[in-house]
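> Take a look at the letters that make up each chain.
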Amino acid sequence: MRSLGLVVCCLATAASGWLNSNVERKLDLSNAIVRSTTTVTAFNNEEATDEYLFVVPESNVTRIAKLSVKVDKQEIPITETSRKGGNVYYTAKLKTKIANKASVTLKLRRSMVNSLRPFPPVVKQGESQFVDYNDNVYFLSPYATGKQTTTAKLASGTVESYSKVPPPVIQRGDTIVFGEYKEVEPMKQGPLRVHFMNNKPFMKAVTLRRVIEVSMWGNLAVEEWYAIENHGAKLKGTFSRLDYKRPGHSAPSSFTSLHAHLPQAATDIYFRDDIGNISTSTVGHADRSSKTREVIFTQRFPLFGGWKTRFYFGYNLPLEHALTHNGAENKLTVPFASPVKDLWVDDMVVEVILPEGVPVPEVKVGGKVITDFDVEYRSTYLDYSGRTVIVLKDSTLASPERSEELQVTFKFGTKDLLWEPIYLMVAFMTLFSSIIFFSRVLG
Amino acid sequence: SYSFCTLLDTHKKMVQDTQDGRKVEEEKEDDESEHLMRFWTLALIFMVAVAVRLFSVLRYEAIIHEFDPWFNYRTTAKLVDDGIYEFYSWFDVDVWYPLGRIVGGTIYPGLMVTSMILSKLLHLVNFTVSTRVVCVFLAPLFAGNTTLITYWFAKEVWNKRAGLLAAFFIAIVPSYISRSVAGSYDNEGVAIFALVSVFATFVKAVKTGSMAWVFTSVLTYYYMVNAWGGYIFIINLLPLYVIVMVLTGRYSLRLHVAYSSFYALATLMCMQIHFVGFQAVQTGEHMAAAGVFFALQLYGFSEFLRGHLSSEMFTQLITILAALAGSVGLGAVTVGVATGYIAPWTGRFWTLLDPTYAKIHIPIIASVSEHQPTTWSTYFFDLHVLAYLIPVGVYFCMKRLTDATLFIIVYVMSTVYFSGVMVRLMLVLAPAACITGSIAASEILDSFLEACIYPKKEATKQKKQKKQDGEETYEMIGTGFRWAFLVGLIWTILTYVMHSTWAASEAYSSPSIILQMRGHNGERIIFDDFREAYQWLRTNTDRDAKIMSWWDYGYQITGMSNRTVLVDNNTWNNTHIATVGKAMASREDVSYQIMKKMDVEFALVIFGGMAGYSSDDINKFLWMVRIGGTLDNDINEADYLSQNGEYTMAAGGGQAMLNSLMYKMCYYRFGEDKISPQAPTGYDRVRNYEIGNKDIKLTHIEEAFTTEHWIIRIYRVKKEQNRKPTPPPETPLIPSFATVPKQ
Chain U
2 MRSLGLVVCC LATAASGWLN SNVERKLDLS NAIVRSTTTV TAFNNEEATD
52 EYLFVVPESN VTRIAKLSVK VDKQEIPITE TSRKGGNVYY TAKLKTKIAN
102 KASVTLKLRR SMVNSLRPFP PVVKQGESQF VDYNDNVYFL SPYATGKQTT
152 TAKLASGTVE SYSKVPPPVI QRGDTIVFGE YKEVEPMKQG PLRVHFMNNK
202 PFMKAVTLRR VIEVSMWGNL AVEEWYAIEN HGAKLKGTFS RLDYKRPGHS
252 APSSFTSLHA HLPQAATDIY FRDDIGNIST STVGHADRSS KTREVIFTQR
302 FPLFGGWKTR FYFGYNLPLE HALTHNGAEN KLTVPFASPV KDLWVDDMVV
352 EVILPEGVPV PEVKVGGKVI TDFDVEYRST YLDYSGRTVI VLKDSTLASP
402 ERSEELQVTF KFGTKDLLWE PIYLMVAFMT LFSSIIFFSR VLG
Chain C
8 SYSFCTLLDT HKKMVQDTQD GRKVEEEKED DESEHLMRFW TLALIFMVAV
58 AVRLFSVLRY EAIIHEFDPW FNYRTTAKLV DDGIYEFYSW FDVDVWYPLG
108 RIVGGTIYPG LMVTSMILSK LLHLVNFTVS TRVVCVFLAP LFAGNTTLIT
158 YWFAKEVWNK RAGLLAAFFI AIVPSYISRS VAGSYDNEGV AIFALVSVFA
208 TFVKAVKTGS MAWVFTSVLT YYYMVNAWGG YIFIINLLPL YVIVMVLTGR
258 YSLRLHVAYS SFYALATLMC MQIHFVGFQA VQTGEHMAAA GVFFALQLYG
308 FSEFLRGHLS SEMFTQLITI LAALAGSVGL GAVTVGVATG YIAPWTGRFW
358 TLLDPTYAKI HIPIIASVSE HQPTTWSTYF FDLHVLAYLI PVGVYFCMKR
408 LTDATLFIIV YVMSTVYFSG VMVRLMLVLA PAACITGSIA ASEILDSFLE
458 ACIYPKKEAT KQKKQKKQDG EETYEMIGTG FRWAFLVGLI WTILTYVMHS
508 TWAASEAYSS PSIILQMRGH NGERIIFDDF REAYQWLRTN TDRDAKIMSW
558 WDYGYQITGM SNRTVLVDNN TWNNTHIATV GKAMASREDV SYQIMKKMDV
608 EFALVIFGGM AGYSSDDINK FLWMVRIGGT LDNDINEADY LSQNGEYTMA
658 AGGGQAMLNS LMYKMCYYRF GEDKISPQAP TGYDRVRNYE IGNKDIKLTH
708 IEEAFTTEHW IIRIYRVKKE QNRKPTPPPE TPLIPSFATV PKQ
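Going down the list, the sequences are from chains U and C. Numbered as in my numbering, the first sequence ends at 444 without a single skipped number. Numbered as in my numbering, the second sequence ends at 750 without a single skipped number.
Incorrect hints may appear among the rest.
[What the hints assert, rightly or not] With the Cβ distance kept under 10 angstroms, some of the chain U side facing chain C (calculated, not the full set):
1. S31
2. N32
3. R36
4. T40
5. N61
6. R64
7. K67
8. L243
9. D269
10. G277
11. R301
12. G307
13. W308
[Stated by the list, open to error] Which chain U residues stay away from chain C? Per the calculated CB distances, all over 10 angstroms, these:
14. G158
15. T159
16. D275
17. F337
Rather than coming from a laboratory, the hints here were simulated on the basis of the structure. A virtual CB, placed ideally from N, CA and C, is assigned to each residue, including glycine.
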């Protein structure tokens, strides 16, 4: 994601031979994270090309959790090409050159955090939370668009207000359709605003630290430390347990549980915080299709707007589920992001603890080689020189959106496994022989 | 001085060590296999002692228990993280707001330093165990050590068989388990080990008269003083023992050397500890030891003179000397007390001598449950079979009186008395009970087993013995009866094992911050309200928020929530506690003024009326009223009682009670809810009645958080309003002078 290098190509104007014949944009506003899917049917007006440009306003870039383009269900690479006029231009590299007068259908997916502004910013315990969403009513594109519609799916049918220009704008239940707009010129903008009720939990992990420890004796231990905050409208006034328990009076925008999808083979799941075990988690049944198991982490107390808590959980996984090896070359493959559903992560640190004596490994995230990580050496049980720890920091993440895998390739042979038993043998030998010595010679 | 010694030794026919003869006999039978057997038995006892204390971890989790352990854990974490110098100069601003507390100089650091050393050692070999884990498992580990030292002690006093039994008894004695389960990270956990070590080494020093043993004893004593305030017991028991020795004509040079050098070195050593310092020579608690020290020198001198003078001259001289020494001593003490050099006895010490003292003079001491007198059932529950083996053991000790057994007698008799005064001192009785119990059990087993298994050998032996010293024998008791008795004894000991295991797993394992209740189907229901509230405070209040609660919860709030408290379990400032008591007991507007003065942001109460948790603040409230009443005359206990003088929250309860801040905070909106469909609204599950005042309005505070089962309720103290609200319309048209705004 970072340091992509300067693949500067100033062909923005040259590539303007495209025409968006049809754009269908779907905005999913029913969660705390805004997900949009835009299906673009692009028509090539000029000579054959394999580059398609799209634009994101600069102010939105930091809020993007995920950006991907698919053609025929296959993801294609995108690169940032230039910034001008307060916009960031991305180039999508198509698999094949599209000939003149030919069409291609692109599917743009974008997930945005921090895009729903709670308004009013404070609510009382029993009140619902309303949010305000602002966007461009048109699909922002450097190309002209033939026709386009935007469908916003809301969290509820309770809508305070929404922008009604340019017509037609139609609200049907929890859906608002903007358009269809015809003949939209390039880079056209117009305000889109919806103010509606959204009581979905606004879960945000202020910090997340994932620790993945590899034991070559056959275990992978995963531990994840969260500092969670309810990022929705802040609680005003008192919290009454009496009202909270009464049916119908409870607090709609608060949440108590986090749902996580852990690997099906995960064992010894624990859930704790600074002061001990939190005894309110539920391990659900395994979901065979996705090879995961849903675990519900219920917090000690409900989290209202602005309330925070901290906790950590962890589990063990048989190593064969995550590690493949070819001789002394081992390849560890684990999900990169947090397994918690609908959680937006501000700051994430991933630490991979490799066995002792492993040289600096090769790290890939989502297939891309990463070089920007720290290496530490940490000594714990039965260590002499310390285990190799790689520390990856990432601050532009919304975990559920990122399905990439973290791949660590490191060298560790079978004979390296013998060090620990040797340490133990030496320790016990010393102990016993000194006892023998002292009882025979001195005793 | 060599001549002095030899003279004294030859002159005074010292009491013969009768045990010497027996010892030779015993050492003969100690062959290789028995040695191995004993080693493994001890190893197993050690493991049992550790394992039986792990029930708390199995039933709950590896967590620090109760109240004081949270403070100890917090200080240990500080010590491990910041080092010893930071620790000693630590001024804790998070407690006793706004006074703070000089922690480094006001605690016994032995426990924390022990954990730190253990933790550092483990980290040295890369065993990265967290401080919490070290703290949780320290007490079981030391319980294991205690079994070993008890074995050695009983072996020195009696024999190895008694030693093994003593180790076995102390490994699982419920009284000791109650203070040393995993997680019970308290001073007593290491102090009992230190206590038994001091006694064992001191007895060894008296037996041998060797300076090496005296020095060992002083070192263990130094550790003990570091670890626990209960060292006062040692420094008073040893002089008592010396007095008893002298009075029973058992004075010897060994005793003289042991006690004199012990006193001198021990006093010097314990003065090195910040918290003790000059108290060791200035306070009343230490004076008995000093007095006996000087008296012993005089006694030794007189014994020396006795050999050089005729008996008439000696009597005269002694009379004069005694009168002189007595008046000088008395004079010194009088002057010392009058000038304030010698501090008078503290309240707790007085309570030991006069159990009714605290009730009259210091309500804070009397309000602590562990300072209450012990009930008979506690004796049985905490000692079980030992409770009636003690007298038997004392009988055997009397029968074979040596310096060591006399010590045991003095030890057990004094602790039986003290344990009756304060329930927490049961713990000091436990080792004494185990040793006397083991002497009793081993003697019975010895004679009966031998007689049962080798009836012929025993008979001839007895005859021989009868001829020799005419001692009474068990000849008239038949073999059948002996077997029955043996089986009976073994069965009793087995029930002791059962009882102790049960007590360890059920009675003494609860961390008391996690409540476990039984559901209708016998399933366990966890009430985790304490941690729910403490975690809420930890994550949802400002770091420097000041929390007002009754002092019982101070250590927990600083430990688990990491927030500032007004008062905590280190009850060093009675006025401050009384202020909090007054705030809790007063009307809301009066309390508000107190809370504003104290910068209180949150007030926290423990309320059990919804969940049925009986040790809540309402049940402690009368103590708050009493202690709050010591501040000034605003609080009057009688106002809080009903007209019949009852302590009740129901209708008819005292008006001051029903309008107090405590009542309001506990029962706010409680009157709107029912605990079950049949019950009336506002029915208190603990007190079993309907509360008197259901219509509670709060003006200056607002509910901030209530836990799932209402056990902890936290209120936010509102900020002062900018101006007075506009007067309601029904005020008279011509305002009184008080409401006319100043021009």
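> Mind listing which of the numbered hints don't hold for this structure, in increasing order?
1, 2, 3, 4, 5, 6, 7, 9 and 16
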